[in-house]
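Number of protein chains: 2
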Amino acid sequence: MNWKLAARAAKMNPSVLREILKVTERPGIISLAGGLPSPKTFPIQAFADACAEVLHNDGQAALQYAASEGYAPLRQAVADMLPWNVDPAQVLITTGSQQGLDLVAKVLIDPGSKVLVETPTYLGALQAFGPMEPNPVSVASDDEGVIVEDLVAKAKDGRFIYLLPNFQNPTGRTMTEARRAAVSVAAAAAGLPIVEDNPYGELWFDEAPPLPLTARNPEGCIYLGSFSKVLAPGLRLGFLVAPKAIFPKLLQAKQAVDLHTPIFTQRMVSAVMKDNFLERHVPTIRALYKRQRDAMMAALTREMAGLDVKFNAPKGGMFLWARLPEGIDTVALLPKAVERNVAFVPGAPFYADQGDPRTLRLSFVTASVEEIDTAISALALTLREELALLGERRLAPEPV
Amino acid sequence: MNWKLAARAAKMNPSVLREILKVTERPGIISLAGGLPSPKTFPIQAFADACAEVLHNDGQAALQYAASEGYAPLRQAVADMLPWNVDPAQVLITTGSQQGLDLVAKVLIDPGSKVLVETPTYLGALQAFGPMEPNPVSVASDDEGVIVEDLVAKAKDGRFIYLLPNFQNPTGRTMTEARRAAVSVAAAAAGLPIVEDNPYGELWFDEAPPLPLTARNPEGCIYLGSFSKVLAPGLRLGFLVAPKAIFPKLLQAKQAVDLHTPIFTQRMVSAVMKDNFLERHVPTIRALYKRQRDAMMAALTREMAGLDVKFNAPKGGMFLWARLPEGIDTVALLPKAVERNVAFVPGAPFYADQGDPRTLRLSFVTASVEEIDTAISALALTLREELALLGERRLAPEPV
Numbered sequence: 001m002n003w004k005l006a007a008r009a010a011k012m013n014p015s016v017l018r019e020i021l022k023v024t025e026r027p028g029i030i031s032l033a034g035g036l037p038s039p040k041t042f043p044i045q046a047f048a049d050a051c052a053e054v055l056h057n058d059g060q061a062a063l064q065y066a067a068s069e070g071y072a073p074l075r076q077a078v079a080d081m082l083p084w085n086v087d088p089a090q091v092l093i094t095t096g097s098q099q100g101l102d103l104v105a106k107v108l109i110d111p112g113s114k115v116l117v118e119t120p121t122y123l124g125a126l127q128a129f130g131p132m133e134p135n136p137v138s139v140a141s142d143d144e145g146v147i148v149e150d151l152v153a154k155a156k157d158g159r160f161i162y163l164l165p166n167f168q169n170p171t172g173r174t175m176t177e178a179r180r181a182a183v184s185v186a187a188a189a190a191g192l193p194i195v196e197d198n199p200y201g202e203l204w205f206d207e208a209p210p211l212p213l214t215a216r217n218p219e220g221c222i223y224l225g226s227f228s229k230v231l232a233p234g235l236r237l238g239f240l241v242a243p244k245a246i247f248p249k250l251l252q253a254k255q256a257v258d259l260h261t262p263i264f265t266q267r268m269v270s271a272v273m274k275d276n277f278l279e280r281h282v283p284t285i286r287a288l289y290k291r292q293r294d295a296m297m298a299a300l301t302r303e304m305a306g307l308d309v310k311f312n313a314p315k316g317g318m319f320l321w322a323r324l325p326e327g328i329d330t331v332a333l334l335p336k337a338v339e340r341n342v343a344f345v346p347g348a349p350f351y352a353d354q355g356d357p358r359t360l361r362l363s364f365v366t367a368s369v370e371e372i373d374t375a376i377s378a379l380a381l382t383l384r385e386e387l388a389l390l391g392e393r394r395l396a397p398e399p400v
Numbered sequence: 001m002n003w004k005l006a007a008r009a010a011k012m013n014p015s016v017l018r019e020i021l022k023v024t025e026r027p028g029i030i031s032l033a034g035g036l037p038s039p040k041t042f043p044i045q046a047f048a049d050a051c052a053e054v055l056h057n058d059g060q061a062a063l064q065y066a067a068s069e070g071y072a073p074l075r076q077a078v079a080d081m082l083p084w085n086v087d088p089a090q091v092l093i094t095t096g097s098q099q100g101l102d103l104v105a106k107v108l109i110d111p112g113s114k115v116l117v118e119t120p121t122y123l124g125a126l127q128a129f130g131p132m133e134p135n136p137v138s139v140a141s142d143d144e145g146v147i148v149e150d151l152v153a154k155a156k157d158g159r160f161i162y163l164l165p166n167f168q169n170p171t172g173r174t175m176t177e178a179r180r181a182a183v184s185v186a187a188a189a190a191g192l193p194i195v196e197d198n199p200y201g202e203l204w205f206d207e208a209p210p211l212p213l214t215a216r217n218p219e220g221c222i223y224l225g226s227f228s229k230v231l232a233p234g235l236r237l238g239f240l241v242a243p244k245a246i247f248p249k250l251l252q253a254k255q256a257v258d259l260h261t262p263i264f265t266q267r268m269v270s271a272v273m274k275d276n277f278l279e280r281h282v283p284t285i286r287a288l289y290k291r292q293r294d295a296m297m298a299a300l301t302r303e304m305a306g307l308d309v310k311f312n313a314p315k316g317g318m319f320l321w322a323r324l325p326e327g328i329d330t331v332a333l334l335p336k337a338v339e340r341n342v343a344f345v346p347g348a349p350f351y352a353d354q355g356d357p358r359t360l361r362l363s364f365v366t367a368s369v370e371e372i373d374t375a376i377s378a379l380a381l382t383l384r385e386e387l388a389l390l391g392e393r394r395l396a397p398e399p400v
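If you're matching them up, the sequences are chains W and A in order.
Here UniProt numbering is used: the first residue of the first sequence is 1, the next is one more, and so on.
Here UniProt numbering is used: the first residue of the second sequence is 1, the next is one more, and so on.
Where hints are given, some of them may not hold.
Any copy will do: because identical chains look the same in the list, a pair fits if it lies in one copy or spans two.
What the hints assert, rightly or not - List of simulated lysine to aspartate or glutamate pairs, EDC-like, C-alpha gap at most 16 Å: (1) K22 / E69; (2) K114 / D150; (3) K11 / D110; (4) K4 / D110; (5) K4 / D157.
In short, the hints are calculated from the structure, not lab data.
When you get a sec, could you build the whole thing from the sequences and use the hints?
Below, the structure written as structure tokens:
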């Protein structure tokens, strides 16, 4: 049978993360790899009450086809939740914020279109954009986010820049107020739209992050948000906010893709969110994740002492970013770590261009404090062994 | 701000159906337009029990991220349900079967690719394929489905043919056993893959339809199915079955689009389907829809007497197809019908090429028997008035 694939299909590859996650499902492995929220934070009873309520009060409507834009009260709740003036008519409910990336790609990317991204950037975004065959261009980035001068130098003919300013995946870094102000002005001056992804913004530890980029220039930005990290990812509920100039196209793309996001889960979440539930619930997630970040940083400081391992101090979110000593390749290190029952994600796949082989991403949210201690200790042991091997190889006589 | 749209976005248009459905939401309108299953058939109590059970037994797993392929027991249930030998590893759970169409388009359609479709065909498929910029080619069709000679004549270089053999949307027609056998052989001989869409197959009235095309040549077909018509559409749960040759690409596309279909609703449906629930539930849907089809045919026979209106006798599904007398354009007729509080869908948008302006689609499943009687009576009155106007225009002197 003559199955001829589209050219774009040849460029689709199995997710590196996905293949890694398969390994980490082995019993006994402590995984610091996946970006899985702690299931302890899922408000199961609140969902059970919401299901019963929705099916009792509005069962038929909750199970029928519904509007592509999303459930009106949920669109209103999203608009109310955001820290700038949002018209609910600009809110599109999506099947997870990943779908928002797919819709953005369909509507804004032609084959070869320049799309600017951070260094490194969210792998899932690269995968969502990929089938529309963009030319992703890495903008140099430091601990505060993308570097404005490089953004300006690369902005010409860019379709948009994709930014994740809060507790970024994979680095955990946060764009400072000063950097946001500068990026916002520079992008507007260059006529470069911003696609702002903010799945982790509510997960701050000591203080809320600065205002979103979209709040500073709503007509120049598409904003993506998610309920995955504040309620539960298994419902696949996210949203986007888009200016009137392109909202209708995103809506048409959405309609063609899946008609609408499941209305039952939209109504569930709408019911759960009543009476300011998130205001009581999210602080419990912040407190848990902060304790676990503290535990991971303490363990790294203790276990990696003397090993020339650099790591950052995320102010929120789920991830910490580390850089191992010269000569280490984290892709090669991973199977050795897995032998010691700990898993992480190598950093290189998160780069749109040449990845830094010494980097890795560690999630501090899924494992418990005790598991984090055990895992970082095992990781340090693996690293010490690898460094010893490297040292032996360096001392060995060169082959003639 | 420089929002430059992708070329494909310019080709996206608001769904004609969608705009029509908006009008029909006006209170007092009896809509025979939308393809909405009767909400009376939604098993609300079974869903309520399933939600409680899933959240009680597996709450954390039901709310966490999950595998892109879908929930294993649901994939197994789908495989078990289908009338040919299906490996669950070939089943991909989708966010409604509409998403299956989007994934197929991404993986199989290049700009300009020839895609064969029926005359007329499902509008939602044209919309799902559209962003990948195919060249859709209408294969001549009669009451039994596509005409084999025309299929063969047009098969060369076709990426696939999209077919909806059971109780087709929009025509309600069913492909006969003889036609299926001939189409299957002809497509295989031409090396032309088949994308078979079967959302309505379980909704048969007197006897089950012949075997799916996919059952006759699984390696040459992608099969799309749905829980929307046998349980409820608001959950957006569908599936596809694909040969091993292309399953991995469809899975990669799925992963990039929304990571996975909501696992909570997958587990809900899996719980509902236990103990052969569908075997008890689906016959009640069939009986209801058959009564309503009978009512619609009786009303049409009675009310349209003497008006040269042709309509078919669907053997299942949700839709009946009608053709009005010479000179009538159903797009122009619709607002006049809406004035008389009845809505239908004009047939022309369902054609990939030139539509037949005299055709229309009537749904017999959403409205009650009494509403169907009232609506068909109002539609006949609208048509009589329109014919009278046409007659007057014909008798009026030509403008000089």
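**Request:** Go through the numbered hints given earlier and state which of them the structure violates, listing their numbers in rising order.
**Result:** Of the numbered hints, all hold.
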